[in-house]
Amino acid sequence: MNSKRRADLHRKLSMGAVPRPPDGLAERIKADIPAYLRPDADRERFTWSVAFTMRVAASIILLITSAFVTLHLLEPDTQTAISLAAKQRRAKERPAPPQPAVERYLQRRAGETSSAPATEEVRLEISQDAMPAAAKVNAPRDASRNGLAGQKKAKTQEEDKDGLTVVAEAPARKDERERQALGATSGMFAPEPAPAMADAAPAPAAPPPPPMVAPPESRAMAQAGRMSAPAPAASSSLVTEALADHLSLAPRTNVFGISVDPQVFQNLKSTLERGSRPAATAVDLDAVINYFAGAPARAPRHDVSLEVEASPAPIRVDGDRAVIRVSVDTAAVALADRGSIPPVARDARIEIDINSNSVAHFRRIGGDEALSPEPALLRNVSVTALYELELKPRLQGSQRIATVRLRYRSTTDGRERVITRVIHGNDVAGKWTRASHRHRLASLGAVWGETLRESSGGAEVAERAAELASQDPADTRAKELANVASVTGGR
Amino acid sequence: MSASTPWSDERKLLDAIRTGDTAAAEELVERTYSAVFASVYRLCGDRDLAADLTQETYQKAWAALSRFNGRSQLFTWLYRIAYTTFLNHVRRPRRMTSLDEPDSMDVPDQTPGAEELLSDAEEAERLRKAVMQLPEDLRFTVTAHFWGGLPVKEIAEIEDITTVAIRKRLHRAFSLLESLLDEEAT
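These protein sequence lines map, in sequence, to chains A and B. Following my numbering from start to finish, the first sequence increments by one per residue and tops out at 493. Following my numbering from start to finish, the second sequence increments by one per residue and tops out at 245.
Calculated directly from the structure, the hints in this document are not laboratory data. Among the clues, some could well be false.
Unchecked claim - In silico lysine-lysine, BS3-like type, Cα no more than 27 angstroms apart, as pairs:
hint, chain 1, residue 1, chain 2, residue 2
1, A, K481, A, K433
2, A, K14, B, K212
3, B, K212, A, K6
Computed from a predicted model, the values in this text were never measured in an experiment.
Excised from the complex, chain A in its bound form:
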């Protein structure tokens, strides 16, 4: 076998054309990823289990603490009852009437003659007199629930009653306030005994503790007496924010920093039909590309779809040139008159990672600037960006050319999602004529736009567009492109 035949065989083995994988193959493969590689379910079960265990543990701790505190608080009452019984017995034995506890205490304090047990007894009596029985039992529900708000309300009432702002307080009152504050903070003590509850028995079980500190808005609303619902959920706030800041009734003319204004092409067409040639600066290439790329043949199955397709360059094939199309489409929604377009995602951004081992040069057709993030991606949106790549020689089929990612946060569930598409050498090995209709039309439109800027060419575009139009007669854009390209190509 001579070397020429060997080289020929080598070339044939290496360069065989391979069709693109069928649509949805990646999704089919991903659907087969087994359950053990999907830890979400286990994680949810574990989270639920931990949460349940934590709740049980918290309940037990709360119960034990409540029982301990209740017993601890009831203990002085018992001792007080005992001391009162002893006092009554002594009163029966002695003819003199019993002195009030405070007078006895003051007398004994003045004389410094009391013994230790007597002091203890007196102290208990004072505490009994100073603090009503109900103050030692569990908190009244209203006070506990209101927490700091109730405390503030009580304080406000006091200020209103006194008619002045309290700057300094008497120690006893200050202590009482501190005790109330402690009770409100810990949720275990009553901030202030309610008269109706003064003779009530202790509650059999402590109610669940109130929130430690209410958020400022909640506190403000509670003071205003309007608070009845919890704070709005995060997902609803996303929509609110998008509605407030980013929505407009008019369709977008710029998405990801790419012009998608369909009027641009109509203006160009009108200029050509009048027999003049548009100025190069009037040719918004992004808008032209997006006019011809249009919407996908089939509406996206999910809220957001990312279509990435690669092919050899349609016309200019000097060197190994390829075109990558990146199209983002959002689900369609029917709009009422003057209805606003709902957002489908927020914080959307496109990331394109070009493999420098495969690509010598690249550029975005239509603009040098990078794609900008989209704060609110609306429904009824189709946007396309085209990249021209100059491939390095001897590119292998399995070699990665580029990775395209679309990141966004869904407004449906608030979760961040990433759609990834990878372009390999095989994807640009086929012929341009095998690419999708959308891809061919968009790339031809781009070439036509560039020829319009450069004031030359267009005949070949017209031929290819005519082919496209014949393949899909229902697509009027291909016919439009053939017409305008034939006009500009003949000049």
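Place chain B on chain A using the hints.
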């Protein structure tokens, strides 16, 4: 060029998959399925069958993931599975006929280059059939190197022989292919 991907190398990607990271598994699919499909397509010459075999390849890969020792490249390992899956398929007598049927996807577009495309497709089909007639060791070496894009060193590692032996295999395969193609032409 933008920043590197979250799983900048295969090792990290593999570790992430083994810890149950579904996103990593999906990333692996995105990175490799086109190449696996292309390899299988070149083996079988049928687009729909190649898609089915590619899907089956990944099903086997998930099941065998715990046994992958990481000595070879991830794609090499996937290619080996894809190749075995293809062989298992062609060894099923019921489906052998599909290899002799023309590939519907190779029917060219109605474009000016249609004749050229048809000629290319026919030549590719002849070559594919010739490769399929090679002995097993030569066939694997040729398909892995040319259709799977595996370097000689990688093939030598998975075949557990030297790179020189692989090159000898390729040389022998070329000679046999020439003979087979000549026989068909006459």
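Checking against the hints above, which ones are violated? none
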